[in-house]
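Residue numbers (this note's numbering), protein chains in the order written: chain P, 990 to 1568; chain G, 990 to 1568.
Warning: the hint list may mix true and false statements.
A pair holds if it fits inside one copy or across any two, identical chains being indistinguishable in the list.
With a straight-line Cα cutoff of 27 Å, these simulated DSSO-like cross-link-like pairs (lysine-lysine) come out [said to hold, decoys possible]:
hint, residue 1, residue 2
1, 1063, 1497
2, 1453, 1020
3, 1516, 1063
4, 1516, 1214
5, 1553, 1258
6, 1141, 1258
7, 1204, 1372
8, 1069, 1513
9, 1513, 1141
10, 1332, 1372
These are calculated hints, taken from the structure and not from any lab test.
Protein chains: 2
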Amino acid sequence: MNRSQNVVIVGAVALGPKAACRFKRLAPQAKVTMIDQSDLISYGGCGIPYFVSGDVSDAGQLRSTSFHMLRDDKFFKNAKDIHVLMHMRAVSIDRPRKQLHVQDILNGENHVLPYDQLVIATGSRPRRLQVPGADLKGIFTVSDLAGAVAIKNEVAGGSVDKAVIVGGGAIGLEMAEALADLWGIETSVVEIADQILPGIVSPVMARMGQHQMGKNGIAIYLKEKVQRFEGNGRVARVVTDKRTLEADLVIMAVGVAPNTDLARDAGLKVSPRGAIVVNERMQTSDPHIYAGGDCVEIMDLVTGKPACFPSGSLANRQGRVIGTNLAGGNAVFEGAVGTFVIKLFDLSIASAGLSLERAKSQGFDALSVFVVQFDRAHFYPEKELVYLELVVEKGAGRVLGIQGLGGITSGMFARVSAVAAILRHRPTTADISNLELPYAPPFSSAMDVLNALGNTAENTLQGKNRVIDADQFAEWWLNRDRGDIVFLDCRGWGNAEDFVKRYPEHWKSIPQDELTDRMEEVPKDKKLVLICNTGVRSYEAQIMLDQAAIHDTYNLQGGMAAVKQWGLDLLAPDPLDKA
Amino acid sequence: MNRSQNVVIVGAVALGPKAACRFKRLAPQAKVTMIDQSDLISYGGCGIPYFVSGDVSDAGQLRSTSFHMLRDDKFFKNAKDIHVLMHMRAVSIDRPRKQLHVQDILNGENHVLPYDQLVIATGSRPRRLQVPGADLKGIFTVSDLAGAVAIKNEVAGGSVDKAVIVGGGAIGLEMAEALADLWGIETSVVEIADQILPGIVSPVMARMGQHQMGKNGIAIYLKEKVQRFEGNGRVARVVTDKRTLEADLVIMAVGVAPNTDLARDAGLKVSPRGAIVVNERMQTSDPHIYAGGDCVEIMDLVTGKPACFPSGSLANRQGRVIGTNLAGGNAVFEGAVGTFVIKLFDLSIASAGLSLERAKSQGFDALSVFVVQFDRAHFYPEKELVYLELVVEKGAGRVLGIQGLGGITSGMFARVSAVAAILRHRPTTADISNLELPYAPPFSSAMDVLNALGNTAENTLQGKNRVIDADQFAEWWLNRDRGDIVFLDCRGWGNAEDFVKRYPEHWKSIPQDELTDRMEEVPKDKKLVLICNTGVRSYEAQIMLDQAAIHDTYNLQGGMAAVKQWGLDLLAPDPLDKA
């Protein structure tokens, strides 16, 4: 066989194998060598929490194809004609000679691999806290499959009763669920920011997710900084600036950093944030060297600025682009809008684009709106409430991002996916108002929750819907004894009755359809919080009150459904869930 | 209250109430009068099949808000300040005087309603077959809620053992499921076309849906024309050109026609296909008259030509646009790409944009590709196979449409929704290859089924993936005794063994990863159909065979999963399900 071309790939987890396989399909006669430091290659790293939890029973499943073939070196040789060198570390790139210098980790031998084209798929490595005791046994990062096996061996051994997760981002929460749900480990999460999933979702969404974790037994400590780990050889305690937590196991999940030493040492262009710079074809500053995955930065299609999006999914798609280009094609990867989804027990939270906080930090003058509605026709028996938040730029009403919360098979994922798909086309609120989802009652609503979200955003931007969110509601409610606010329930008496009876001084009932006739009952000297189940009737009430020249009114977005999901159940014996 | 403006709305089902309510929120002082021929107004007409089935227990639920208030005339008066005149027929529009002439159906009295602006929301009416016996009792159309109540009273009365549905479109199939599933009625569907859902999905998807209906006891007769209905006063038999079916109940579901007599008589512009012509603001040729919903035509954003899309969902969104414009706003409704979804027992079929057949009839030089893959990570325990078909224009690879089949809470709906959202932006296959869905194993795959669909389309357009679909497979298989084809199973021996043993003359096993070493076993003188579970390994095998200069090969798209869903189970005692 004429080995027309010689391609070497550094890293064999996600992007590397994808680039190799795509390239080989286009150039079957070429020679491809893929190296990796481990002998565990080509695995679904995002599946690690499900392997640790036991949902995925053995590590081989993460390394297998959908048709149950283990993707080991033999598989790549026989099914793909790709040569894999395992336990092999890339030492340096001799760009003038087009040679990769490697070292066999097992025997220390050095080798030289000549290449025509090189692919850097070195990924990222988890950050580690630099605090005393950080090197104690029993403290793990979620770095690779070998590390995951070590964690699972620990928990399966039965000696872990209490665990502490440092970091309330995606991986931290997934690992918390993994430990608590199937293994019954008493699990806490310590997060330095004032919310979980910082930078990804809004404080309100984060609080709802936190409430869900709390309901499932996971304690979350926000605004706490880990100061040291204590233990005699093995970790026993995590000491924060506010408390000491016992821990038989600690997982540090405080973010990742791109692995770019190899590229940097070779003189390839690296960005100020430490990621390899590539063009749309995924070429580095050396046209014979491609890079992709967690070690590069790509264009953020919402902000128009380069950014890092560590994601096994982006890595796979970039790998295919690289594979095409290695074979002389001209595929481009234009960038990403940034998407996210996480399972939190029986709920899920997803996002696409920017959260309000990130939008503001990127210089957008933005606001967000929040809508709660059934995912399917409200008259259809099977349905779920979904919670959506839309982030929009003031003025033109450009949509910058969306977040959603709902059951794991609810329609939330479809709504966030649809907006994710159009975000790069710079949609406005009108595009969301008129976004066309397939409609039938078992799947969607005639005026779908997504359309309602666009409508609400437009109304709010135009000042027609003056709102507060559940965070603000909670603050006002907990300070209700200041006496400057009346909570006006716009639902029918059947819904309002229990609230009025329990909180007669603060809660007042005037159903929206009786409001015109009962306008004289409305308190004129106080701030009014308008309340219904989801925020629709209270919005109508606000318009009616405006007509009567009563303007100091605030529509509770998402209504009592949002408040309850937030963790405030006004009719419970202890209304504020402290979780 | 200063009644600054006088708006009259003809029709109070979907668009009418939405336009009225939106307008009143923007112009609370205006006067709005809405008329309807019935006293059943403002209902979810798309919910009728679920009301007939019993999923929705009483008709009032279809007429109620999500917070269980009945949307009757009192509701519109008290909650919305909208005046409803029921049992009122619109007779004519006196445009110069801006007056609507109406007649009270109950007492025959004539009235004149002056207007500043008028909205025509007259919807559509079901077509009726013009054959002998079409007026017999027991023959219904699905026209309105009153008609639905009549149908449900019939079936709930217990006298219906056998029913025939005429028409295998969406409403026909939904009604068939409604009658068969909960009421246990022996139900047949007669369709004049050669597939169910004609014009909406491909023959292969239709066949899969038909198989699903058959599994659930519904007989479907294609390419049959109803010639007459027979019975003594009440229908007893449906006579087609091929058979006679006993029937205690017949539902005609043979499409709808826009109700445009009022508009046409008033001299408003009506299109050749009989729909009211409106601009993007939903204004008719008279700027004081708006129209929307089933009685108008709008822009098809895929073809760029006007088209009718009867849909309660589009009607609602158009209603909001009209409401805004009645109040002096400048909202636009740019058009629709055409979306569809239907529940067929525990499966669903959805589409957006054009099917291959419609694309061709619209002058596109197009092809379609078919992919089967799990909706979630293949290693994640909960997952479902989803079946997607992408319609693309040759050459530039523009995506014209998508269809999907999967479980009703599978990820199929999200994938079709995401493509529906971007179709108007003229995506190419590369946009589908790189489409960014939120990724985590419980929700999606790193290389998602949608990305795989784009990849497959690109490969097929470039001639790198020569395919057949399940229809073609079935034809070749059923004619396998011609002896010109070998079916080459590229899966492991464990999968292939039973097939080889049962069909030793036709079925051959060479696993894809052994193909290079066993190339001499490949028959060189026959057409090869390459087979695996879903079409991935057979595609790899095709590339390997090409390398060995064996080119007369056909990759079975969707693999054995597609064949089985199509209704051909080669290992069953009777492989061809005749359903």
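I want to check one pair: residue 1516 and residue 1214. Are their C-alpha atoms no more than 27 Å apart within a copy, between two copies, both, or neither? neither (38 Å within a copy, 68 Å between copies)
- Intra- versus inter-copy proximity for residue 1372 and residue 1204 (alpha-carbon distance at most 27 Å): both (22 Å within a copy, 26 Å between copies)
Problem - Homo-oligomer pair classification [residue 1497, residue 1063; C-alpha up to 27 Å] - result: between (72 Å within a copy, 24 Å between copies)
Treating 27 Å as the Cα threshold, decide for residue 1553 and residue 1258: within, between, both or neither.
Close neither inside one copy (50 Å) nor across copies (52 Å); limit 27 Å.
*How would you label the pair residue 1332, residue 1372 (within, between, both, or neither) given a Cα cut-off of 27 Å?*
both (19 Å within a copy, 14 Å between copies)
| message | As a check of your reading, is residue 1516 near residue 1063 (CA-CA no more than 27 Å) within one copy, between copies, both or neither? | response | neither (71 Å within a copy, 30 Å between copies)
- Query: Between copies, within a copy, both or neither: which fits residue 1513 and residue 1141 at Cα up to 27 Å?
  - Reply: neither (62 Å within a copy, 51 Å between copies)
Which holds for residue 1069 with residue 1513 at a C-alpha limit of 27 Å: within a copy, between copies, both or neither? Intra 76 Å, inter 23 Å, cutoff 27 Å: inter-copy only.
Item to check | Same-copy or cross-copy closeness of residue 1453 to residue 1020 [CA-CA at most 27 Å] | outcome: between (64 Å within a copy, 20 Å between copies)
Homomeric proximity label, residue 1141 with residue 1258: Cα distance no greater than 27 Å
The answer is neither: 39 Å in one copy and 71 Å across copies each exceed 27 Å.
The structure does not agree with the numbered hints 3, 4, 5, 6 and 9 stated previously, though it agrees with the rest.
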